[in-house]
Amino acid sequence: MKKTALMLAVTALAFASTSVFAKGDPVEGKKLVYTCTGCHGIDGYKNAYPNYHVPRLGGQNEQYIINALTEYKKGERAHPTMRAQAESFSAQDIANIAAYLSSVGTGSEK
Amino acid sequence: MSRSSVIYIAAAALLFAFGNASAKGDAAAGANKAKPCTACHGTDGNANQDQQYPRLAGQYADYIARALHEYKNGERSNPIMKGMAAPLSDQDIDDIAAYFSSQPGKLHDLSHMKK
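Those sequence lines, one after another, are chains B and V.
To convert, note that position 55 of the first sequence is 55 in our numbering; the numbers rise steadily by one, no gaps.
To convert, note that position 8 of the second sequence is 1008 in our numbering; the numbers rise steadily by one, no gaps.
Just so you know, these hints were derived from the structure itself, not from any lab.
Just so we're clear, the structure is a prediction, and the values are computed from it rather than from any experiment.
There's no promise every hint is true.
Said to hold, decoys possible - Stretches of chain B that chain V covers, calculated by requiring three or more beta carbons in the stretch to come under 8 Å of a beta carbon on chain V: (1) 36–43; (2) 50–56; (3) 60–67; (4) 73–85.
We treat Cβ as the ideally placed atom computed from N, Cα and C, and that holds for glycine.
Please put together the full structure from these sequences, using the hints given.
Printed below as a string of structure tokens:
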């Protein structure tokens, strides 16, 4: 029984740690994503310095976007503009943004 | 020619050189070098299996290259990607970036939101 209880506890912990973020709401996410289009909404747009294209985000995987924004927020990724943006977001904001970006189409589909 | 115009021309030339630094990858060579990446990112870079890994297919090559350099030099801290990027040369990085960028995929920019 003791062993079973331990296994249950481990399972519960594993479940809890994967559910840290509440489920994202794409409708709320869309409101926040308008800011992102300043850089991510121009085809072929490049950072001034260092000089490389800002990434395409439409259709990107949901959990990856959550990971990336959380890493910017915690300073584990260095880009100054992205750090400034991500610092202002709550975990729920990040989940909402990821829900929207991962599901958004190009606007050309029916 | 004034001194300041010489400086301007030199600066413009430098900017031009850096701006084109991404066009040197060989996608065919990259296909082979990218084999270890495909376990998580998918054979064509579409990462359909697991949402925690980014889709790379159709991403800008210079962005992929930049990310690999950041993992390699520690500017991005990710234990898996640090290990993957560590043995790659600059040429390897450009080739792998060219390969994934050339693959068809779902990624797109957000320009439609401005219409």
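| chain V covers the stretch 73–85 of chain B, three or more CB atoms within 8 Å, holds or violated | With 3 residues closer than 8 Å to chain V, the stretch 73–85 of chain B meets the three-residue bar; holds.
| task | Would you check chain V against the stretch 60–67 of chain B, counting CB to CB pairs closer than 8 Å, and say if three or more residues qualify? | result | holds (count 6)
| request: Take the stretch 36–43 of chain B, compare each residue's beta carbon with every beta carbon of chain V, and decide whether three or more fall closer than 8 Å. | output: Per the Cβ count (6), the hint holds.
| query | If you look at each residue in the stretch 50–56 of chain B, do at least three have a Cβ nearer than 8 Å to any Cβ of chain V? | reply | Answer holds; 7 residues pass the 8 Å Cβ test.
Every hint from the earlier list agrees with this structure, and none is contradicted.
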